[in-house]
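2 protein chains.
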Amino acid sequence: MVRIAVMGYGVVGSGTVEVFYKNKKNIEKKTGKDIDIKYILDIRDFPDSPYGDKHIKDFDMILNDPEINIVVEVMGGLNPAYRFVKSCLENGKSVVSSNKELVAEKGAELLRIAKEHNVNFFFEASVGGGIPIIRPMHQCLAANEINEIAGILNGTTNFILTKMIRDRMDFSNALALAQQLGYAEKDPTADIEGHDACRKICILASLAYGKHVYPKDVHCEGISRVTLEDVAYAESANCVIKLIGSARRTENGKISAIVSPMLVSYESQLASVDDVFNAILVKGDATGEVVFYGKGAGKLPTASAVVADVIDVARYTKTNMTLTWVDSDGDVVDDYRTRVRSFYVRATYDAPLSRETAYNKIAAAAADAGVHVDWLSRQNQPEGEIAFTIGRLSENLLMQLMNGMPGITLTFRMPVMDL
Amino acid sequence: MVRIAVMGYGVVGSGTVEVFYKNKKNIEKKTGKDIDIKYILDIRDFPDSPYGDKHIKDFDMILNDPEINIVVEVMGGLNPAYRFVKSCLENGKSVVSSNKELVAEKGAELLRIAKEHNVNFFFEASVGGGIPIIRPMHQCLAANEINEIAGILNGTTNFILTKMIRDRMDFSNALALAQQLGYAEKDPTADIEGHDACRKICILASLAYGKHVYPKDVHCEGISRVTLEDVAYAESANCVIKLIGSARRTENGKISAIVSPMLVSYESQLASVDDVFNAILVKGDATGEVVFYGKGAGKLPTASAVVADVIDVARYTKTNMTLTWVDSDGDVVDDYRTRVRSFYVRATYDAPLSRETAYNKIAAAAADAGVHVDWLSRQNQPEGEIAFTIGRLSENLLMQLMNGMPGITLTFRMPVMDL
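Protein chains in written order, with numbering that gives the first Met the number 0: chain A, 0 to 418; chain B, 0 to 418.
Bear in mind the hints are in silico, worked out from the structure with no lab data behind them. Fair warning: there could be bad hints in the mix.
Copies of the same chain look alike in the list, so a pair counts if it works inside one copy or between any two.
Said to hold, decoys possible - Below, a list of computed lysine to aspartate or glutamate pairs in the DMTMM-like style, where the Cα atoms sit at most 20 Å apart:
no.: 1; residue 1: 215; residue 2: 166
no.: 2; residue 1: 162; residue 2: 273
no.: 3; residue 1: 23; residue 2: 33
no.: 4; residue 1: 253; residue 2: 115
no.: 5; residue 1: 28; residue 2: 284
no.: 6; residue 1: 21; residue 2: 284
no.: 7; residue 1: 210; residue 2: 27
no.: 8; residue 1: 360; residue 2: 35
no.: 9; residue 1: 215; residue 2: 89
no.: 10; residue 1: 253; residue 2: 367
no.: 11; residue 1: 360; residue 2: 147
no.: 12; residue 1: 53; residue 2: 33
no.: 13; residue 1: 114; residue 2: 192
no.: 14; residue 1: 37; residue 2: 266
no.: 15; residue 1: 32; residue 2: 47
no.: 16; residue 1: 32; residue 2: 64
no.: 17; residue 1: 32; residue 2: 373
no.: 18; residue 1: 24; residue 2: 367
no.: 19; residue 1: 32; residue 2: 273
Isolated chain A (complex conformation) (with noise of 0.2 Å):
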C-alpha cells in the first residue's frame, strides 16, 4: 500500500493531485499497488475543495504517520520546504520534488541523505517542467560523456525575447505584455535575471558531471539590457537572441557554466523555440547532439512529471535508484571569463574617430590577438554606433582588447553559442 502527502496546494500542488485523481487507476495499474493521497499540507484553507478531509496543516502529522512513503513536496522556496524534506528523508520516506531552488542549493546534501536511508528523492518536474531530461540524461544517456549542455531553460525571457524577435516590441513592453498574460510575475526578477535558468543549468551541470554546481558560482546575466538594436544585429548575422544556460567539461577537470543571453544560429535546432517553450540540447560523446523539446513550466505539465516521478517511487518503494551527485567544495566552477568563445560587441566610437578608422582600430587590435572580426550593420544605424562579432578568444582577453583602444566604448557583449 503506498499513501502520500502533498505538500503545498498551490499551482502545481493542485494541479498534482487533479493528475493523480485522474490517471489514478492507471497509475495502480503500472506500479501494481493499492496508491491514494492521504494529506495535502498547506497553512491555506480551501473551502471548496473536493478533497476536505485530507487538507491538513501540521507538517508532523505527514512525518509520524508511518502509513505515509512518498512525500510530494512542491511548495516552492528553500524555506520551510528544506527543513521538510531532509525530515522525510531521514524518517524513511522517499520525496519527489518539483522545487528548483531546493535540488540546486541542497541537492547533494538531500540525494546523500536519501541514499543512507535506502529511499528516493527524485525531481523530475525541477527542470524542463513537463519536458523528461533529468531521467533521460540519466539513465538513457548514461552510456555517453557528456560533453555539453545548453538550454532556453525559462518560458518567461523565451517569450519576451520572442516578441522582441518577431514583432520588434522593445523589452519593457514584451515583459508587461508577459505580466497581463500570466507568464511573468509581478517581481519578475528571478526570471528575467536569469536566476530561474541559473539554478535549472547547476542541476543539469551537477546531473552530468557528478558534482554539487552551486548557482552563487555560476555567472548569470539576464535579459534586461537586451535591446532591440541588439535584435537586429543579430539577424544580421543570421542569429536570434536566446537566453541560454550553459554547461560543459573544461579541459582541466573543471566545470564551465554559465548563463546569459547568446547569439544563437539560425543553424541551431534551439533558434526556432519560442515562446513560453523550453529546449534543452545535451551533446553525448556517443550519440552526438539530443534535443528535448516542450513546455517547461505550467500547472499540468510540471504536474505529469511530479506524477511520473511519482509511479516510478511507488514501483521501487526502498530500492535507492543510483541519481545522485557529490557535494563540492566550492572549487568546481571554472572562471567564466577565461572561456574561449565568440562574442557579439555592440560599441560606441566618438568624435575624432569615424566608423572607418572605428573598423581599422578594432580590425588591427584582432589581427594583433589573431582572431576573427566580421561588422554587423542594421538599418538606422547611427553614426557612432557598430557592432561585430569577434572570436574566438576569453572574455578577459576580449576586455582588454576593448579598453586598450581610446576612443571606443563597448557597451554590450554577448556570447554566440558554439554548438
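Start from chain A and add chain B according to the hints.
Below, chain B alone, put in the same frame as chain A:
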C-alpha cells in the same frame, strides 16, 4: 557479477562493444557491479578483433552458460534473432535489443515471456537510435494519456527529402547521393517505401496504447512518388514534405496509425528537422507537445542506447520493469481511409476544361461536402495541372469526391500533418 553476451558483431554490435569498454569503469560505478562482456557471437571470423577469446559461433554456449545474465541482440532481422531471444528469456536471461523488426513483430510475446521469467526485455535503441524515446515515453510521460505521436523516424528518407527541398535535387539523384554517402543501402526498399518507419511507429504505438500494433495492419506509403513539383507546391503552402509515422487513439477505442509523406507546416517543430536527423513529437493530455530530437541511426548513437539499456538491466537484475504491452487480435488498427484530416492533392484536368473551370468544379464539390479548399501554385506550373489542399475529410470521401468529376484526375495525394 554481471556477464554479457553480445549477439551480432556488425555495425551496432562492434559499436556496443566499443562503447561498453570505453565506459566500463563508469558503468561499474553506476551499477555498483562487476560487469564484463564474456561472449561475442557471430558466424563470421574477425581475425583482427582485439577480443579474440570472446568470439564464438555457437549460440548454445550463451544459452547454457549460467554466468550470462544479460544478452545483447544486435543481429537484426527476424531469424534467428527471434529464436535466440526467446530462448534466452525463457532461460532467465535479460535481453537488450536494437532490433526494430523483432520488436515490431514479436514484442508482445517477448515482453510476456520476460515477465513470466522475471527478467527484462529492453529495446531503447530500436526506435530513434540514440534519441531517448522508449523510456521517456514509458516513465516520464507515465502520468499522461498519449493523444498522438508523430515522428520523422527514418534518417535515410529525411536526408533524401532534405536534398529535394534544399537543393532541388530530384528523388533518384538524392537517393543515389544517399547511397554514395552510405546513408541508404544498395536495396533501399525498406527505407524509401516506409517499412522501417512503419516498424518504429508500431513499437511506439504499442507502447503508448498498450496493445500490439502489427506492421501488416498499418497503411504504409514511402517517398518514391514525391516529386520536385510537390516540393514546390508544399512550399507555396508554407510547408515541407516529411515522411511521418503517426499514431493516435480514435474515438471508437482503436488506434489510427499510418506512415506516409505529409505536408508539415513551417510552424511545426518537425519542419526544421533536416538531413539524417530524426524527431518524435509526443502529445500528452497533461504535458502538451514534447519533442525528442537527435541522430536516429549510426554506430555510436545506437550503441550508446544499447549500453544504456544494459546499465539499467544490470542495476535491477531479476526485477521485471513494467514496460509492457499485450498482444492484440489484429483488430486494433482503424481503417486509415476513415480518418478525417486535410489533404494535399495534385491533379490533372483535360480539355475542354480550363484551369478556371476545373477550379470551379472542385470548389463546388468541396462546398457540397462542406470542406475548405486552398489553391496552390508553383513556378512554371503547366496548363493541365492543379494542386490544392482540402479539408477536413476522410480519404474515402476525398476519393469519392475526386472520382465524381469527369475530366479531373487525381495524380497524387498526401495527408497534411495536423499537429
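(request) Mind listing which of the numbered hints don't hold for this structure, in increasing order? (result) Hint check: 1, 4, 8, 9, 10, 11, 13, 14, 15, 17, 18 and 19 fail, others pass.
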